[in-house]
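Q: With the hints in hand, could you dock these two chains into one complex?
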Amino acid sequence: MNAIELSGISHRYPNGVQALADVSLTVAPGEFVTLLGPSGCGKSTLLRLLAGLESPSSGRVSAPGGGGVGFVFQSPTLMPWATVRDNVSLPLRLAGRAGGLSAPRMRARAEALLQRVGLAGFESAYPDELSGGMQMRASVARALATDPSLLLLDEPFAALDELTRQKMGDDLLDLWRQQACTVLFVTHNVFEAVYLSQRVLVMSARPGRVHAEVTIAAPPVRDHAFRRSAAYIEQCVALSGTLESALSASVAVAT
Amino acid sequence: MKREHWVPALSIALALLAWEGLVHWAAIPHYTLPAPSRVLATLWTEFDSLWPAWWFTLRLTLWALALATLGGVLLAVAFALSRVLELALLPFAVVLQVTPLVAIAPLILIYVDSTTAALLLCTWIVAFFPMLASTLAGLRAADRQLHELFTLYGATPWQRMKWLLLPSAVPYFLSGLRICGGLSLIAGVTAEMVAGAAGRETGLASRILEASFRTDTPRMFAALLLLVITGLALYAVLEWAPRRLARRWRPVTGADASRQA
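Chains as they are written, first to last, in my numbering: chain A, 1 to 255; chain B, 1 to 261.
Be aware that one or more of the hints could be misleading.
Said to hold, decoys possible - Quick list of in silico lysine to any residue cross-link-like pairs, SDA-like style, CA-CA up to 25 Å:
1) B:Lys2 / B:Glu148
2) A:Lys167 / A:Glu111
3) B:Lys162 / A:Lys167
4) B:Lys162 / B:Ala233
5) A:Lys167 / A:Phe122
6) B:Lys162 / B:Glu148
7) B:Lys162 / A:Trp81
8) B:Lys162 / A:Glu111
9) B:Lys162 / A:Arg97
10) B:Lys162 / A:Thr146
11) B:Lys162 / A:Pro104
12) B:Lys162 / A:Thr83
13) B:Lys162 / A:Arg107
What the hints contain is simulated information worked out from the structure, not anything from laboratory work.
Note that the coordinates shown come from a computational prediction; the quantities given were computed from them, not determined experimentally.
Excised from the complex, chain B in its bound form (with noise of 0.2 Å):
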């Protein structure tokens, strides 16, 4: 096995060892913090509040996601197309951008009726905007003498961005898929939390506020940990499903950025 592989399995090991020795050792009563057995424990019997739950933020955070992804391409093409578009447009997804999501969660949820829909806007316009601008980026970064090029052979708009800017953009796209995955659970998870839904339809968030309310920390954690392992599977298949699927093209690093700036 290579050390980067059981340097970070051991330390992490160790350090979930030390936590199950300390609260032992110490009589750490469990509301106060649970040894790790006992989350896992609380994880399994919770299991049927909990599932539901996790596959709710699940689906906000996919949801968002794609939602995200489409309208943040959707919109850099349009830029790229249009520079009147562009700085008509613009201004609009700074605002959004630079505005807390907590400061306008509660607005958006007294104007829109379904709180999912509600959840999927705050975290949509969370992750979106990311997306816009690495796509734009990359829609920018092509080659100089390439776009020369298609200026020569009397390229049209259409043929150029489907030629040249698009797969230019490729690269610059999935690093910004890369960080809205992230900020989509982050963003889902925020938004439920200032909702303060409760009911069914709800997810992880409302779990763990409940269990606040209770100090149940066992189950604050089981929530917790199942949010720590959705983040960690989703950054996982964002960066390497791209890479099975599109080896030509390797995520940009920042000597490539400069290089190609």
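Only chain A is shown next, with the shape it has when bound in the complex (with noise of 0.2 Å):
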């Protein structure tokens, strides 16, 4: 059984824009999973599919519904008006009774991932007080408040400065780890695909296709070692040119 099934995915946007054409894919459970292309493939259009926020125009979609995903934007699109807590207990309290937590106990659920993510004591902070990193750690804990067993994360450290980006990457590998739960990642930086994933798919524009799949070799804990050594970095090269020609692909095709 497979946490994602996508068959003969096509997507076309109302105004008549190809996002997707004929993409199918599988990612088994517990498996971390990059999508890696330039703007215009189609990678966040397939995210939004997987969460239930589009439906195709032709396909199939098999993926966890309801509190079994967690998203995490571009931005961290938390609530400006509430406290952190209340933004990370927010898809608690959405469930509400179906989600058998009562109001003391979502607290307690928040303020324990919080922790979690390195924001112990910023519960009762409100968002604009926070740095970018730390707005997005609170929009990662959120998206991990319902036990999901799929994380979907679109481009969510693009914003953030490298030093930030690598801290972040290496706390989203510890989450996965401890949280055990299926990971699709969205990045347009070969870079942060090489050093996250077990297994990269290669998308191309216009339409949005895959390209090439490519399974990244790293030893089980991947660290600053890893980050210096040179299968590291020859994987990068070779991802690299992976990229280039799905990029050369998609000019091909428009031109």
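A: Now the structure itself:
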């Protein structure tokens, strides 16, 4: 049984733009897969289809529904009028009685999640009092609130500086190991893709298709030593090459 | 003292002094233009008759403001929840808004027996539309991605209203409230001018009209002064109280509005 199964997905937006053409992919439970591609390749659309925010024009999507999916947007997307704790407990409050948690237990769960993402002590802070990286941490904590089996992340660290981005990547890997959930991560950053994922799907644009599939060879625990290793750098170079061929494939279609 | 405070204070004081000096120097009769000192003296001596009128105008304004706020917000929430309701009712709201108050006030005065109720209705008609429009804009201005987040977790319409739309609308609501407060006073006075009501249960507009018939200019100025003070006080309260009550919400500025659009 796969965590995600997409078969023959095509998607056309009402304005006529063909976002995806005949995309099929499967992701095994507990896998960390990255979608890498230029802008306009439909990788965000793919995530939105999986989250149920869009329905495909044709094809079949099979993914967990409801609280089974956690979604991290490109921007932190926090409610500015609510404390960090209230933001993180929002999915639990929306589930209400169906979620089976009382208000104090929702609160406690939100606080435990904040501790896990390194935001202990900021429970009562408001989003505008946090740095960009901390806001993103709160956003990740919120995505984990319902204990999802699938975590979708849409270029979550794109707006962060390089050091923060690396730290966030390490912490995401820790969370993934603890949570034992399936992760589908969207990025246009080759280094991030190699460092984080077990498998990378390189996409080309106009219309979005899966151009190549690359399996990343890495030690069980990825750390700074891996980031400096020859194996890491070689795979980054190779993946850059694949991404370039995906880009020229996109251009060839476009012209 | 900061420049932002003493410069306006000084300019107002100088203007009043110049006014006072001009009236004395040119020996302008008080029934043409009373000096500020005479206006103050009149306010003091006529206080017994002006005070109930002021209280009437203030009550009319505050009631109209409260009812306009209630009506505007409830209608905005209803419109945000139901597009059909909005399509059905918005034309009426717009018609009421574009019709000049002075033009329909006489009709309302015919249809409604109680003058006070008629005045309240006139004032409400003017004041409620800005409340409706700004609250509705606020409900619609909620962040698109937050909307998607609520969709993702299967939020009910009521949850979305309570936790997303209403909080998003607060800054817009507060801007609407300020406009609405000023309008309530202006519309209240206008309605009373049109009604031309006389008698005990009347406001400052009636006092001004009466004084004008008798060419009692100092009394007109005294009533006017009370209106200005009331308007300023209302503005100050609506400007500062929300900031104290809800620090998390800043009133929208142009930049915010365009960013959220």
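Q: Sort out which numbered hints this structure fails and list those numbers smallest first.
A: Failing hints, ascending: 1, 3, 4.
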